[in-house]
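K.L.:
Given next are the chains, with one letter for each unit.
Number of protein chains: 2
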Amino acid sequence: MKLTILFGGASFEHEISIVSAITLKEKLSGFDLNFIFCDQDHVFYLVDPSKMKAVTFSKGEHKKMPQLSLSNGAFVQKGMFSSTAYNATVLNLIHGGDGEDGTIAALLDFFSISYIGPRVDASVFSYDKRYTKWLCDAKDIKSVEYEIVSSDECKVLSLEYPLIIKPSCLGSSIGVSIVKEESQLDYALDTAFEYDSSAIVEPFIEGVKEYNLAGFMADGEMHFSIVEEPQKNEFLDFEKKYMDFSRSEQVLKAEISEELETKLKSNFEKIYRNLFEGALIRCDFFVVEGEVLLNEINPIPGSMANYLFEDFKSSIEALANALPHAKKTKVSYDYIHSISSAKGK
Amino acid sequence: MKLTILFGGASFEHEISIVSAITLKEKLSGFDLNFIFCDQDHVFYLVDPSKMKAVTFSKGEHKKMPQLSLSNGAFVQKGMFSSTAYNATVLNLIHGGDGEDGTIAALLDFFSISYIGPRVDASVFSYDKRYTKWLCDAKDIKSVEYEIVSSDECKVLSLEYPLIIKPSCLGSSIGVSIVKEESQLDYALDTAFEYDSSAIVEPFIEGVKEYNLAGFMADGEMHFSIVEEPQKNEFLDFEKKYMDFSRSEQVLKAEISEELETKLKSNFEKIYRNLFEGALIRCDFFVVEGEVLLNEINPIPGSMANYLFEDFKSSIEALANALPHAKKTKVSYDYIHSISSAKGK
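Line by line, the protein sequences are chains Z and G.
Quick note on numbering: numbering that gives the first Met the number 0 labels position 332 of the first sequence as 331, and the sequence is numbered without any gaps.
Quick note on numbering: numbering that gives the first Met the number 0 labels position 34 of the second sequence as 33, and the sequence is numbered without any gaps.
To be clear, the hints were calculated from the coordinates, so they are not data collected in a lab.
One thing to keep in mind: the hints can contain errors.
For identical chains, the list gives no copy identity; a pair is met inside one copy or between any two copies.
Simulated crosslink set (BS3-like; lysine-lysine; CA at most 30 Å straight-line) [what the hints assert, rightly or not]:
hint: 1; residue 1: K326; residue 2: K63
hint: 2; residue 1: K77; residue 2: K327
hint: 3; residue 1: K62; residue 2: K1
hint: 4; residue 1: K58; residue 2: K24
hint: 5; residue 1: K326; residue 2: K154
hint: 6; residue 1: K327; residue 2: K62
hint: 7; residue 1: K154; residue 2: K138
hint: 8; residue 1: K26; residue 2: K62
hint: 9; residue 1: K154; residue 2: K264
hint: 10; residue 1: K269; residue 2: K141
hint: 11; residue 1: K138; residue 2: K269
hint: 12; residue 1: K77; residue 2: K62
hint: 13; residue 1: K63; residue 2: K329
hint: 14; residue 1: K24; residue 2: K312
hint: 15; residue 1: K1; residue 2: K63
hint: 16; residue 1: K208; residue 2: K179
hint: 17; residue 1: K1; residue 2: K58
hint: 18; residue 1: K329; residue 2: K24
hint: 19; residue 1: K327; residue 2: K252
hint: 20; residue 1: K329; residue 2: K52
hint: 21; residue 1: K1; residue 2: K26
Because the structure is a prediction, the values reported are computed rather than measured.
So that you can see chain Z by itself, here it is in the shape it has in the complex (with noise of 0.2 Å):
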């Protein structure tokens, strides 16, 4: 199996990236694996495998490396005399903005190169938060209510405290803050504000069930990871988040009922057709007396949620061997040549 790992980016999770990007390196040894680095100039490079080390990318060695550049069909790195071409399917592991907003998905789409990751319209529905909850309406699944805050303005909050803030477009817990009373909201605020100009407002639900499913299509079939229930603090934060882009090891299935288990999955399902084909996605649900809302939608789960699946491998392998294929548009000039008859020339 070859595969292109896609990683870097500019974004606040940019670090995020290359950790993932590392674990995955481990958790699918013995695929054929080229890493191309996306750094935040937007300018590609090809990085050696042996030096896929957190590092090389903080102290700048990847600048040293060959560059890329974007092609019909491939990543190409131009040399003297030749061209080589990098032309395996990409994993888009680009966490955050640029691979996650849909700029990677519309950038890999434009010049035919075939992807694992959300399309443009599922990264559009999934990493604004205020998307997602028109989403959630629009296919009829629950989610926890919300207020939206914009930088501009001075909004009385309806929503009783205590209440939980996060930038509408921002992912790993980047600027989210808990909010017990009404004296902490302007700093919480603010710091959302740091990175989007826009927040989203949601009660903090005090000691909710959370559970977490993975899922992709392949051969018209969804396929699902076991459910985790992630280990709670009051939230998690963003260094807990980050170690969990470099967890590796397998968790243990959450003890919940077969009736729970089927309620989480056909409302992961819901979410999912006919939107994220071509990704593996992970959704983070609460359950509030019985009632299965949706949390979150990560369309790039930290090193695509390895650790919740049986076989990690095997599914990738099936996902990459049922990606969507974009429909080549044929172009037609009959109309021109329609008016130019006609004008006689």
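Guided by the hints, dock chain G onto chain Z, whose structure is given.
P.N.:
For chain G alone, coordinates are given in the frame of chain Z:
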């Protein structure tokens, strides 16, 4: 005013985009214009303005023109010893696929090229008519009732005839049919499925009042065109719409009450704000029993709806000077540094 008109694209509306670009050349005379053509294989060509004729492209003469590639901040023409960069603001005039589905927007964002046109998220919400309905629901805007049919399902429709059937993702009336009775339904659906695997079905409202309004945001304010009541046949078919893209004469203002004009503008603004900034869009509304319903959003209207603006050139200039700037994300290696120093290396 320097501008690069980007047109063509791998789109069913490829020809329309060519006509649209030729019209814009005339309407923006006096501006310093470059023309970049994107062919169906996603190769970019620099087109000599004197060659901006429909037959240039239908005869394939563009293939003799200089090829351009994307690079940070510009389209670049690479020569043997030096390169020329075309870094003017781009006016995205690719109608339909590529241009309106978010692909070109993402490409220009990634390469930090400033552009007039919808951003990625705005494209997703206007390109797919299903998502436009979700947008309407979320923003509390009324639209025509609808059902979705997929090419792989047999669905019994609950709407009453006559119906209008449209491919979910296409503009310019391509693949659209009016169905007066059930016996015509299958053929109409097949026609739509030639262009998309999903179709949207709406009641066809005979003799409905239709009004078009274009506008954009500059300096924090909405700038509106006049309201037009388009001439009606049963519906505008491809050929008539096609002529629409070469329209360049200003039309007459619809004779409507001030109250209705205000309603149309307030609906437009609700759709536009916090989503379409950077684009000049046209919204097509129906009015049924005094109620305003959104019919369609055209995020890149044919020749930018020049015929609706009293001073089109000044409008484009105002918009070009008020484009959203993507925030540059600064990447940090704090976490990797802290881990490495903890490890003592």
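K.L.:
All hints are to be evaluated individually against the structure, with a verdict given for each.
P.N.:
Structure-based check of all given hints:
For the identical chains of this complex, K326 and K63 are inter-copy neighbours only, at 27 Å across copies versus 38 Å inside a copy, given an alpha-carbon limit of 30 Å. Taking CA atoms no more than 30 Å apart as the test, K77 paired with K327 passes in both settings, with 27 Å inside one copy and 28 Å between copies. Taking CA atoms no more than 30 Å apart as the test, K62 paired with K1 passes inside one copy only; the shortest distance there is 25 Å, against 35 Å between copies. Taking identical chains as interchangeable, the C-alpha atoms of K58 and K24 lie at most 30 Å apart only when both belong to the same chain, with a minimum of 20 Å there against 49 Å between chains.
With identical chains, the CA atoms of K326 and K154 are at most 30 Å apart between copies only, with a shortest distance of 24 Å across copies and 45 Å within one. When the C-alpha separation of K327 and K62 is checked against a cutoff of 30 Å, the pair qualifies only between copies, where the shortest distance is 20 Å, while the shortest distance within a copy is 36 Å. Taking the shortest alpha-carbon separations for K154 and K138, both the intra-copy value of 29 Å and the inter-copy value of 18 Å come in at or below 30 Å. With identical chains, the CA atoms of K26 and K62 are at most 30 Å apart within one copy only, with a shortest distance of 26 Å there and 46 Å across copies.
Taking the shortest Cα distances, K154 and K264 sit within 30 Å of each other only across copies (25 Å), while inside one copy they are farther apart (37 Å). In this assembly of identical chains, K269 and K141 lie within 30 Å of each other by CA distance both inside one copy and across copies; the values are 11 Å within and 25 Å between. Taking the closest pair of Cα atoms, K138 and K269 come within 30 Å of each other both inside a single copy (7 Å) and across two copies (23 Å). Within a single copy, K77 and K62 get their C-alpha atoms as close as 16 Å, and across copies as close as 23 Å, so both meet the 30 Å cut-off.
For the homomeric pair K63 and K329, the shortest alpha-carbon distance between copies (21 Å) is at most 30 Å, but the shortest distance inside one copy (41 Å) is not. Taking CA atoms no more than 30 Å apart as the test, K24 paired with K312 passes inside one copy only; the shortest distance there is 11 Å, against 54 Å between copies. Only within a single protomer do K1 and K63 lie at most 30 Å apart by alpha-carbon distance; the minimum there is 25 Å, versus 37 Å between protomers. Taking the shortest alpha-carbon separations for K208 and K179, only the intra-copy value of 20 Å comes in at or below 30 Å, while the best inter-copy value is 52 Å.
In this homomeric assembly, K1 and K58 come within 30 Å of each other (Cα to Cα) only inside a single copy, at 29 Å, whereas the closest approach across copies is 40 Å. Proximity of K329 and K24 under a CA criterion of 30 Å is satisfied inter-copy only: 26 Å between copies versus 39 Å inside one chain copy. Taking the shortest alpha-carbon separations for K327 and K252, neither the intra-copy value of 42 Å nor the inter-copy value of 41 Å comes in at or below 30 Å. In this assembly of identical chains, K329 and K52 lie within 30 Å of each other by CA distance solely across copies; the values are 21 Å between and 44 Å within a copy.
When the C-alpha separation of K1 and K26 is checked against a cutoff of 30 Å, the pair qualifies only within one copy, where the shortest distance is 14 Å, while the shortest distance between copies is 51 Å.
In summary, the structure is inconsistent with hint 19 from the numbered list given earlier, while agreeing with all the others.
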